[in-house]
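Participant: From just these sequences and the hints, can you work out the full model?
For the sequence shown, UniProt numbering gives the first residue as 1, with consecutive numbering after it.
Some hints here could point you the wrong way.
Stated by the list, open to error - Simulated crosslink set (SDA-like; lysine to any residue; CA at most 25 Å straight-line): (1) Lys93 to Gly25; (2) Lys188 to Thr272; (3) Lys93 to Ser175; (4) Lys188 to Ser120; (5) Lys214 to Leu125; (6) Lys93 to Tyr171; (7) Lys35 to Thr123; (8) Lys81 to Pro37; (9) Lys188 to Cys199; (10) Lys81 to Arg99; (11) Lys35 to Ser2; (12) Lys70 to His26; (13) Lys35 to Ala100; (14) Lys93 to Asp104; (15) Lys93 to Arg65; (16) Lys70 to Tyr58; (17) Lys70 to Val204; (18) Lys70 to Ala100; (19) Lys214 to Gly25; (20) Lys35 to Leu80; (21) Lys81 to Arg146; (22) Lys81 to Thr206; (23) Lys93 to Gln59; (24) Lys35 to Leu3; (25) Lys35 to Gly25; (26) Lys70 to Leu202; (27) Lys214 to Leu181; (28) Lys35 to Val179; (29) Lys81 to Leu107; (30) Lys81 to Ala67; (31) Lys35 to Ala79; (32) Lys214 to Pro33; (33) Lys214 to Thr271; (34) Lys81 to Gly44; (35) Lys188 to Ala100.
Stated by the list, open to error - Cβ-Cβ distance ranges computed for the label pairs, FRET-style: (36) Gly78 to Ala211: 23 to 31 Å; (37) Gln148 to Pro76: 43 to 51 Å; (38) Asp224 to Gln168: 20 to 28 Å; (39) Pro281 to Thr24: 34 to 42 Å; (40) Asp224 to Glu60: 25 to 33 Å.
Quick caveat, the hints were computed from the structure, so don't treat them as lab data.
Small disclaimer: the values here were computed from a predicted structure and weren't measured.
Where a beta carbon is used, it is the ideal one built from N, C-alpha and C, also for glycine.
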Amino acid sequence: MSLPDFLIAGVPKAGTTALHAALTGHPDLYLSPVKEPKFFLSDGPPPTVGGPGDVQTYQEHIWRRPAYEKLFAAAPAGALKGEATPFYLYDLKSHDRIRALIPDVKLIILLRDPVDRAHSNWTHLWVAGLEEEADFLAACRAEESRQQRQWADFWHYIGLGLYGRQLQHLYQRFSRDQVLLLRYRDLKDNPAETLDRVCSFLGVRTGILTAIPKENVNRHYVEDNGVNRVLRGLLRAGGNFGHHFPVPLRLAARGPLLTLLHRTKGNRPVTTPEERAALLPYFAEDIALLQDVTGERYDDWLSLDRHARAS
1 MSLPDFLIAG VPKAGTTALH AALTGHPDLY LSPVKEPKFF LSDGPPPTVG GPGDVQTYQE
61 HIWRRPAYEK LFAAAPAGAL KGEATPFYLY DLKSHDRIRA LIPDVKLIIL LRDPVDRAHS
121 NWTHLWVAGL EEEADFLAAC RAEESRQQRQ WADFWHYIGL GLYGRQLQHL YQRFSRDQVL
181 LLRYRDLKDN PAETLDRVCS FLGVRTGILT AIPKENVNRH YVEDNGVNRV LRGLLRAGGN
241 FGHHFPVPLR LAARGPLLTL LHRTKGNRPV TTPEERAALL PYFAEDIALL QDVTGERYDD
301 WLSLDRHARA S
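Facilitator: This is the structure in structure tokens:
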């Protein structure tokens, strides 16, 4: 039976892609060639409705078990098998699905300052042309309405960052020695040490992985102007209706629009103190819960000074 021995289970925009890429270089590990198969996010076919681009993403889900097991069939004998779907922590029902199928699995969780994580999430969708709100806080305020309209989890800027309640639920289903908690900042600032922690947790050789492969960071700055509003409107329209067309045709239509949208390069904006002050009340109670649940300190996330925080 080809099922994973470990899962990188959370969270989006917290270094899961970088960790997945790094672990592929370890000779004792085999990572799924599909980075986010999303198998445990549903009991059957994924949803057929959602926000811009959601249905196209749902079409990529690997939800049939034979197809999921096939992802690990090429693993060398003796290698530990794993995959990275950073939404597993957030989707509480996935906890039960994972426990039912692979109860002894090891779970790796990367956590990031929830305000910075939310801002990175919004920036990702804004640069992709799918987010219609040019104001980060306005996009966060739209979350409840979007949930009611069944937009996908990636639009849940605030909800995805409520780690305390998510981990509390996870620990009711898995023993704590099956779960490794890491910080996004540790992976960025101390990659060799952090990768050794991961390898030690998995029970494979340490000292082999020393660096994180360069992340595919989009450095395009997307200004909110008339031309770009038209381009984003076209990209959102494609996101809403593109699932009716073959993938090559979708890519052929989307590529030139993204090239025009990304014609200006520059550093992505960072979270401002004003944005932090507005959003921290949404997270304060959950950060306290996170500390109670994990026994670790995360109160630096309550600071308005980004230099005082270790995301």
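Participant: What hint numbers does the structure not satisfy?
Facilitator: 1, 21, 35 and 38
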